[in-house]
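Engineer: Sequence:
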Amino acid sequence: MRRTGSALGVVFAVFALLATAPAWAASDDLDFYQTADREEVGTEDTFRLTVVVVDAPANAQVKLPESEDFSILSSSRSSQRSISLSGGGPAVIQDVTRHVLVMQATRAGRLKIPPSQITVRGKTYRTQPVELTVKAGRVGGAPSRGGGRQPDPFSSIQSQMQQMEEAFGDMMEPDRPTIPRGDSDLFLRASLDRDNVYVGEQVTLSLYIYSRVDLSSVDAVTMPKLEGFWTEEVESPTQLSGEQRVVDGIPYRAYLLRRRAIFPVKSGTLSITPAEADITTGFLFAGHRVHRVSNALKVKVKPLPPGGPEDMPNAHVGNWRLSMDVSQTRVELGQPVTVKVSLEGVGNVKNVTPPALKGPAALKIYDPTTTDKVSPQRHRVQGRRVMEYLVMPQRTGSFTLPALEFTYFDPRARKYEVARTDPVTITVEAGAGGASSIASASPQSSSDQANEQKNVLTAGGLRPVRYQARFEAPGVPVWKRGFFVPTVLAPLGLLLGVALIGGVRGRLALRSEAGRGRQQAKAARKRLADAEKLQSSGDVGAFYGEVEKALHGFLEARLGMPVVGLTREVLAEKLTAGGADAERRAKVLFVLEACDFGRYGGGGDPAERQKVMDAAAAAMEGWA
-19 MRRTGSALGV VFAVFALLAT APAWAASDDL DFYQTADREE VGTEDTFRLT
31 VVVVDAPANA QVKLPESEDF SILSSSRSSQ RSISLSGGGP AVIQDVTRHV
81 LVMQATRAGR LKIPPSQITV RGKTYRTQPV ELTVKAGRVG GAPSRGGGRQ
131 PDPFSSIQSQ MQQMEEAFGD MMEPDRPTIP RGDSDLFLRA SLDRDNVYVG
181 EQVTLSLYIY SRVDLSSVDA VTMPKLEGFW TEEVESPTQL SGEQRVVDGI
231 PYRAYLLRRR AIFPVKSGTL SITPAEADIT TGFLFAGHRV HRVSNALKVK
281 VKPLPPGGPE DMPNAHVGNW RLSMDVSQTR VELGQPVTVK VSLEGVGNVK
331 NVTPPALKGP AALKIYDPTT TDKVSPQRHR VQGRRVMEYL VMPQRTGSFT
381 LPALEFTYFD PRARKYEVAR TDPVTITVEA GAGGASSIAS ASPQSSSDQA
431 NEQKNVLTAG GLRPVRYQAR FEAPGVPVWK RGFFVPTVLA PLGLLLGVAL
481 IGGVRGRLAL RSEAGRGRQQ AKAARKRLAD AEKLQSSGDV GAFYGEVEKA
531 LHGFLEARLG MPVVGLTREV LAEKLTAGGA DAERRAKVLF VLEACDFGRY
581 GGGGDPAERQ KVMDAAAAAM EGWA
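Under my numbering, the residues of the sequence shown are numbered -19 to 604, in order.
EDC-like mimics (lysine to aspartate or glutamate), calculated; alpha carbons at most 20 Å apart, straight line:
no. : residue 1 : residue 2
1   : K320      : D352
2   : K115      : E48
3   : K92       : D25
4   : K344      : D305
5   : K278      : E256
FYI, nobody ran anything at the bench for these hints, they're computed from the structure.
On a predicted model such as this, the values are computed, not experimentally measured, just so you know.
Full structure from sequences and hints, please.
Structural biologist: Here is the structure:
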C-alpha cells in the first residue's frame, strides 16, 4: 500500500508540473535562434532556414526574415514539448517551436539573411543574421551543420535522403526539374533523358505537371515545335495519374502529359520550344483555370564519325539484326517464291531501310510490300520492318540469292557494325508435262546454268494465255424491245396512282371528320335531354353541371377544338371565328354564367332552370 501511494504521488506531481509549465517559462529568458543547412549555395539551389524559439508564450508572433536577395518557396511550422527528469531535481519542461523556410537566392555574392524577431511582454528578441556564399548556377553539396546550435533532430535523415537523391538522381530522373520562382505550387516541366547525342540517335522528351494543389483536368496541351527532329509517340495517358516526387526537398505530385521519342536528323545545337497547357485546379465550382508554359530545351547533336558508308541514311543508327526468310527453296517452274527481308532492333523503325533483294536474271523479283511493327519498351522505340518480295522463276536450274548486308552505327559502342544474312539457293524444276529435266553438265559449265537458254517458260513449260473469239449478230436496240415502253410508263402510272389514293383518303378524312362532328353534336343534345330530366329533381348542382357539359360538348363539335378552361373573352372570340352571330354568343355566355352561379350558389327557382334550359337549346339549334 505504501508503494501504491508513492506512485500516485509521482503521477500527480508530474501533472502539476505540466499545468504550471507556462508560469515557469515566463520566468526564464527565451532561447531564440536561426540556422541554415548550408554555408555555400548556388542561385539554382534551394536551402533550408530553421528558426527555433523555446518557451515562447502562446500569443507570441515570430516575424520571419525578409530580403530582396532571397525568395521563400515554402514554409512550415511545428511545435513539441519535452520533459526532462534527472538528478532528483525539478522537472525541466520546454516548448520548442520550429519554423522551416525553403529559400532560394536571387543573385550571387556574399549575402546575409536578416535576423528573425519575436516580441514577448514588451521585449523584442532578435536572432543573429546568417551569412551565405552564393554562386551562380547549381552548387549542390551536402548541408552543413554550422550555426553553433543543436542540429534539427531530422537533419540527419534529410541529409541522407539528399545524398541518396544526389547518388541516384541520374537513374531516377535524368533531367532534374527546377522550381520556378513565380509558380512554385504548379508548373510545367519538359525534360530530356539525354541532351548530347549523335544524328539519328533517340532522345526521349517527357512533359510533366508538377503540382502541390489538386488538379481537376488539363484542357489543352500544345507540344513544342520539333524542327530538325523526326518524332514517334511513346506514351500519351488519357487520365491524370500522379506520382510522388521530391524536388529540392519539396514534395510534389508529378503528372505525365506526353512522352515522345525524337530522332535528330541533322547535326548542331537544336532548340526545342516551350510547351503550353491550360490546367484546371480544384473541384466543381471551386475550380480555377491557369495557363502554364514549360521550359525550353536544347540538344547538342554530333555528326556520325568517319568510317561509314558515304550515303548511309541518318535513320541507320541503333542496334539492328538482319534476316532473310524464303518460303521454299525447291519449286516447280511457274510457282512463285516468297522472300521476307526483316530488319529488327532498336532505333527509328519507320524510317530505316533494309537492303534491297537482288538475284540473277532467271529470277524475276517484283516490288516489295513493307510492313512495320513498333513496340516501345522502357521508353525506347524498337520493332521490326519487313519487306516481302514475290520471286517468279523464269527457267529451270539452281539460282542463288546473294547474301545481304546492312551497315549501321551503334551509338553505345560508338562504332559501325554490319548485319549480314547467308546466301540462299533456289532450285527450279520442270513442271508436270513440261520439258525434260536439265541434262548433266560438267562442273565447269554448271556455274553458267543461269545464263543457258534451256527449259525456258515456253510451250513446254507454262503455256501462254490463248484468246478465243467468235462473231455474233448485232443485238436489238433497247428501245425496240417489248419491255421498254411499259418500263418507261411504269413510274408515271405509279405517280398517278399515289395521287389518286391520296385524294380519296383526303375525302374520306373530311367525311369522317364531319361525321365525327355530327356524332358529337348529337351526343351533346342527348346530354341536354338528360339534363332536362334532372330539372325537376332536387339536385340543382347535377342539373347545371349536366347542362354545362352538354353545351361544352356541342361547342367542341362545332368549333373543332376543346373549350373547357377557356375564359369568356377567348370563348367569345372562338365563337365569332366559328361563324356564330351575336345573339347565339350571348345565349352561350348566359348559359355558362347561369351554370356557374347555379352550381355554386343559387339557381333553385324552377322558372330560372327552365330559362337556362331554353337558352341552351336555342344556342344549339340552327347552327350554320
